[in-house]
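Asks: Residues per chain are reported as follows:
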Amino acid sequence: MTTRSRFGRRSTTVAPPSREDSVAAGRPSLATTLLFVAFLVYFIAPLVWLVISATKSNAGLFSSFGFGLADGEFQLVENIQAVFARDDGIFTLWMRNTLLYASLGAAGAAVVSTLAAYAFAIFKFHGRNVLAILIIATIMVPNTALAVPLFKIMRDIGVINTPLAMILPSMVSPFGVYLIWRYIDQAFPRELLDAARVDGASELRTLRSIVLPTITPAVATVFLFVFVATWNNFLLPLLVLTDTQLQPLTVGLAAWNAQSVNPINVEPQYTQVITAALISVIPLVLAFFVFQRYLRAGLTAGAGK
Amino acid sequence: MRRIPTGALGRRSSRPLGSRAWPYILLGPFLLVFTLFFVAPVVLGAYESLFREGMISGRVFVGLDNYNQVFADQRFWEGLIRVLVFGAIFTPLTIGIALLLALALDSGAVRGGSTFRLFYFLPYVIPGVVAAVMWGFLYGKTFGPLNEISNWLGIGSIDFLGHETALFAIGNIALWLFIGYDMIVFYAALRAVPLELTEAAVLDGASRWQIARRIKIPLIMPVVSVIVIFSIIGTLQLFTEPQVLRPSAPDVIDRAYVPNMYLYSLASTGQQFNYVLAIAFVMAGVILSLAIVYTTATRLRRS
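Sequence lines, in order, name chains A and B. Quick note on the numbering used here: the first sequence kicks off at 1 and runs consecutively. Quick note on the numbering used here: the second sequence kicks off at 306 and runs consecutively.
Please note that the accuracy of each hint is not assured.
Derived coverage of chain A by chain B (criterion: at least 3 residues anywhere in the stretch with Cβ under 8 Å from a Cβ of chain B; other residues may be distant) [unchecked claim]: (1) 41-54; (2) 59-65; (3) 100-114; (4) 159-171; (5) 212-221; (6) 256-262.
Calculated Cβ distances over 12 Å to all of chain A for the following chain B residues [stated by the list, open to error]: (7) ILE463; (8) TYR492; (9) SER573; (10) ARG606.
FYI, nobody ran anything at the bench for these hints, they're computed from the structure. Beta carbons are placed, not taken as given, at the ideal position from N, Cα and C, and that holds for glycine.
Work the whole structure out from these sequences, hints included.
Replies: See the structure below:
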């Protein structure tokens, strides 16, 4: 959509400030606004239901309307305690595991992608084009093709059922390399970097003191993307982590859900599953509101603009 | 080491030897993880898919036999057709709704656009597992609020996870998760459409819909295409939602409901591993061919 040149490109993401006042901007219409409110309800109601239901007892779930509180009970604290007490406190372990896998995977991805992107953006070297094409092509490879072979290779090299089985594959982010590479291309006139290096700055110093401060948004975006993707991953941990103690929240929650749906010799603990689901999204929702600007920036770049 | 810049190419080749190693040093960590956890599994996996483990015969090279077996596998086909139907319905639906919402936001037809954008985008960070667990309860027959409402309205209770309905119930979760994401991307692309183009059209008396169809949509088509490709790749790998909902409706959502579930159920029992690899590569082939067909089709239509 935009012309791309070696020395950076025209920024297209910033719209003119007068856009809202221009003749092209239509007047707000009631019908459209109502439609948007309807969609807002669609997107938010399930989460509202989750919060309300986390305040009920099992009996309260059955006796009350889904979107209303149950009469005379507010069991949120008790439910949270029950979640953390269940199965000798395994939920705490799952949370810790998820946090560990997501943050280390994301940090690793951010570091290795930044270094690789810097190499692509700044240097001409043998095999550069072939490597670039290979890496960009892999953005399209479906995870399925990868998950099963990964499972096999991890079993062979013995990292299966260790935290590394989740962290190391999460660090591979061809999209991250591509994103940061393009960002460097856009943000830096080549002459500036050349000048810094001509003045005798070492490569790592140029990267650290000149490039890094400017590309922080791109690096943050890659971190957030990999963080969310790893936090949400289900198929890979299901395959490579069979030890319950090592599993992340997604796998644990699915297991509790299956037990509550098909209880064997126990009373189904719906409220615990609901409360656990609520607790497991709180960190993500908080992070979303704090960092949504970066996430959006990443999406826009990801759409090939 | 001072050097006089003599243009990009010349300068690179005139740099001291030590600096030629830099790109490789910088690439090293990425290439290490990329090779170990991406290239190697795929290459070795492809190789392994040409063998078969037998109880008595041991490991035997069987050529493309595993692949022939995949193509003859009734359970694989049922799952594949199901995800193809699923993709054919829900990819256009998600993208269509997202595009309409983005166009409405961009044309200023809604007040409070930034609030809508924020909350529509929120499901993007909700893990598929949590979304499926949550919607599973919402669909529930005993205390699910959707059935409470339908009963109150006198419609009676609805079996959301029945034979005819389950695929749509799963599709609804996918819609819920991804409309906002797609909308944000389209909206950002629309913001980049030069204002002069739409203003000129308005002065010529074009309606909002005409401007959208004739000017805006063609201009953001490259972005739409990227989203279509990623949606094709994503929907055909459908796994999390049906896998999580399976315990709620085991008779409807069987172990081979979608190809990825079939893959998982075979892989987790540790049997016929070479065969599982063959299924994975066939699926990857189907997905990539569809993505390529779509890309070629749009390119042909444009030229």
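Asks: To test your reading of the hints: which numbers does this structure violate?
Replies: 5, 8 and 9
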